[in-house]
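S.K.: Chains D and G, in that order, are what the protein sequence lines are.
Here our numbering is used: the first residue of the first sequence is 1, the next is one more, and so on.
Here our numbering is used: the first residue of the second sequence is 1, the next is one more, and so on.
Some clues are possibly wrong.
Stated by the list, open to error - Quick list of in silico lysine to any residue cross-link-like pairs, SDA-like style, CA-CA up to 20 Å: (1) D:K367 x D:V115; (2) G:K143 x D:K367; (3) G:K143 x G:M77; (4) D:K130 x G:K6; (5) G:K143 x G:R95; (6) D:K130 x G:M1; (7) G:K143 x D:N134; (8) G:K143 x D:D136; (9) G:K6 x G:M77.
I should point out that these hints are in silico values taken from the structure, not numbers from a laboratory.
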Amino acid sequence: MPTRKSAPDPSSEGGRTPCGEPHPGEPSPAEPQQFGSAHDVSSASFASTDDPRIMLDREVGGLFDPIPPYPPQTERESEFYTLGDGEMFLNLGPHHPATHGVLRLVLKLSGEQIVDVDPVLGYLHRGVEKICENSDYYHVIDQVDPLEYISSLFQEWAAVLSFEKLMDVDVPPRAEYIRVLSGELLRIASHTLFQGFLALDLGGLAPILYSFIERDEIVEMLAALTGARMLFNYFRIGGVNGDLNHEFMSRLGDWMSRAASQTEANAALLNENEIFVRRTRGVGVLDRATALRFGVTGGNLRASGVPFDVRRAHPYSVYPDLEFNVPTREEGDSLARYLIRVDEVRESIRIIDQCLHNMPDGPIMAKLPRLLRPRPGRAWGAVEGPRGMLGVYAISDGSDQPFRFRIHDPSFVNLATVPTLLPGNLLADTMAIIASLDPVMGGIDK
Amino acid sequence: MDRNLKARLEARLNGYLRVPIYQRQDQTEIRVDPGNVPDVLRIVHDAVDLRFEILADLAGVDTGEVMQVVYHLWSPMSSDWLRIIADGISREDPRAPSATFLWQGAEWLEREAYDMFGIIFEGNRDLRRIFMPPDYTSFPLRKDFLLPDDAARSPGAGVRHVERTHLPADLADNLDAAVRRAPAS
Numbered sequence: 001m002p003t004r005k006s007a008p009d010p011s012s013e014g015g016r017t018p019c020g021e022p023h024p025g026e027p028s029p030a031e032p033q034q035f036g037s038a039h040d041v042s043s044a045s046f047a048s049t050d051d052p053r054i055m056l057d058r059e060v061g062g063l064f065d066p067i068p069p070y071p072p073q074t075e076r077e078s079e080f081y082t083l084g085d086g087e088m089f090l091n092l093g094p095h096h097p098a099t100h101g102v103l104r105l106v107l108k109l110s111g112e113q114i115v116d117v118d119p120v121l122g123y124l125h126r127g128v129e130k131i132c133e134n135s136d137y138y139h140v141i142d143q144v145d146p147l148e149y150i151s152s153l154f155q156e157w158a159a160v161l162s163f164e165k166l167m168d169v170d171v172p173p174r175a176e177y178i179r180v181l182s183g184e185l186l187r188i189a190s191h192t193l194f195q196g197f198l199a200l201d202l203g204g205l206a207p208i209l210y211s212f213i214e215r216d217e218i219v220e221m222l223a224a225l226t227g228a229r230m231l232f233n234y235f236r237i238g239g240v241n242g243d244l245n246h247e248f249m250s251r252l253g254d255w256m257s258r259a260a261s262q263t264e265a266n267a268a269l270l271n272e273n274e275i276f277v278r279r280t281r282g283v284g285v286l287d288r289a290t291a292l293r294f295g296v297t298g299g300n301l302r303a304s305g306v307p308f309d310v311r312r313a314h315p316y317s318v319y320p321d322l323e324f325n326v327p328t329r330e331e332g333d334s335l336a337r338y339l340i341r342v343d344e345v346r347e348s349i350r351i352i353d354q355c356l357h358n359m360p361d362g363p364i365m366a367k368l369p370r371l372l373r374p375r376p377g378r379a380w381g382a383v384e385g386p387r388g389m390l391g392v393y394a395i396s397d398g399s400d401q402p403f404r405f406r407i408h409d410p411s412f413v414n415l416a417t418v419p420t421l422l423p424g425n426l427l428a429d430t431m432a433i434i435a436s437l438d439p440v441m442g443g444i445d446k
Numbered sequence: 001m002d003r004n005l006k007a008r009l010e011a012r013l014n015g016y017l018r019v020p021i022y023q024r025q026d027q028t029e030i031r032v033d034p035g036n037v038p039d040v041l042r043i044v045h046d047a048v049d050l051r052f053e054i055l056a057d058l059a060g061v062d063t064g065e066v067m068q069v070v071y072h073l074w075s076p077m078s079s080d081w082l083r084i085i086a087d088g089i090s091r092e093d094p095r096a097p098s099a100t101f102l103w104q105g106a107e108w109l110e111r112e113a114y115d116m117f118g119i120i121f122e123g124n125r126d127l128r129r130i131f132m133p134p135d136y137t138s139f140p141l142r143k144d145f146l147l148p149d150d151a152a153r154s155p156g157a158g159v160r161h162v163e164r165t166h167l168p169a170d171l172a173d174n175l176d177a178a179v180r181r182a183p184a185s
């Protein structure tokens, strides 16, 4: 029976500090290591197991055991955690490098075939909706930035759009054009990164390097405009934070001169790659009815044949004045989801071109008071982000803080299709299918 | 604002509406009893002149007096978002019917509303916590769940009543001692 050690005394521990580290310069004592030997069952160091500072892996084993240490709470959970004949569990994540964030998947396998999946979320949950309810309207914008950290302008856009509806703010046209311009640039950056990561998850190393060349250029360009590379905090209620400047425009001009050809070159790297096409064509098919039933939006829905794009389906900002197509595909497989993104990059380049030609003069901010107290009401604003519809439902009670701030993240509903998409596929295709849905865990976990 | 939609909804949902249809900007709002939600969702989804086939969002709301479940829907037949508010759910025993019979994707959205508000969605076969750990007992987005500190208001200590009075008495007395870390030796 191991007994709990009393407070360590340096004199009786052979010159150890209370932290168990040997003093520098002193020879290490001959007694067995107190820390870091948890795996060594044969060693006699078990005397210290009751020390609350030490966690042996047999104590925390429940954390990494796929089967939860409590009785099943729901019908679905008890069904999932009952193994059939010849089936086994495989725990994937939460720190798997290919899960695009901190996502844990419990896979039920039969041989190498996936029988069922139970995604476990919440590792990045920070309660941003509660934080926003306790921040004033101006502070909400930088709180929502880290949600979709790959493309944070869109989350800001959804928030300011719902606030502007709440307060009946008219945004100056120049500010709207700047929003569209910066947003479409970031959409290209996000889609380019998607192509690279999809290839990386399939084992192709080169495309990600080309993706980062493009993305870095766009991000540096936006840093000249907004002052930050990733978490921009650029959109304001009633406008944007800064006007176009010389460095941004010169970088944008340079990049636009090669953007179209570079996009084609990057796409050709994968489009004509036989391994890539064979591993994505017909894999993870999301048919039209299932996609609608799951509330999937964005490129994943358009790859299943539904031409739903919030920019056209429910226009906001200046999108009605701009010419662009909404590409759709019928196949609904991983390859279609990839090709949709490539098409959208082409359309975004067209939109940027039109923004630069039509950019009006004028103010970039509406006149608003320092303290915002919208009258009581409710507003829903939705924008088309790179992953689908980003929505915000804001309720005002007349105070300077939103009474309720609901964030609808597209990655969340897109990831909900994984238990439907994965069964029947091989274990090796797990990551290809998840990567083709393009989830961002920051937004999913909120 | 889609006036035509209002007329169509009134014709189809006659008898289900608790209050008149409210329209503002690009949103049309109806309020129904929670028990009628499955019927109303079925009608607005299936009727040939409504066809609200995309579930844009499902959110729980705690107004402080009652709970609500709010659905946002999109249809190709209208230029408005449709907001359906299932109003008047008891805060003590919040229960609402599930929307999973129509939109399977509502399963996770309802799990989130359950996790944050404790609303029991009857008919959802996987209603367990999704973000918080399974042994967690509170419902964080309820209005009686108070944050111990509030960064936006912290300069005036005591202005924000939630900070001290709701703490256990012994902790409130020794709050400074409790949060102060032991000095590094």
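S.K.: Out of the numbered hints, which ones does the structure contradict?
M.R.: 1, 2, 3, 4 and 6
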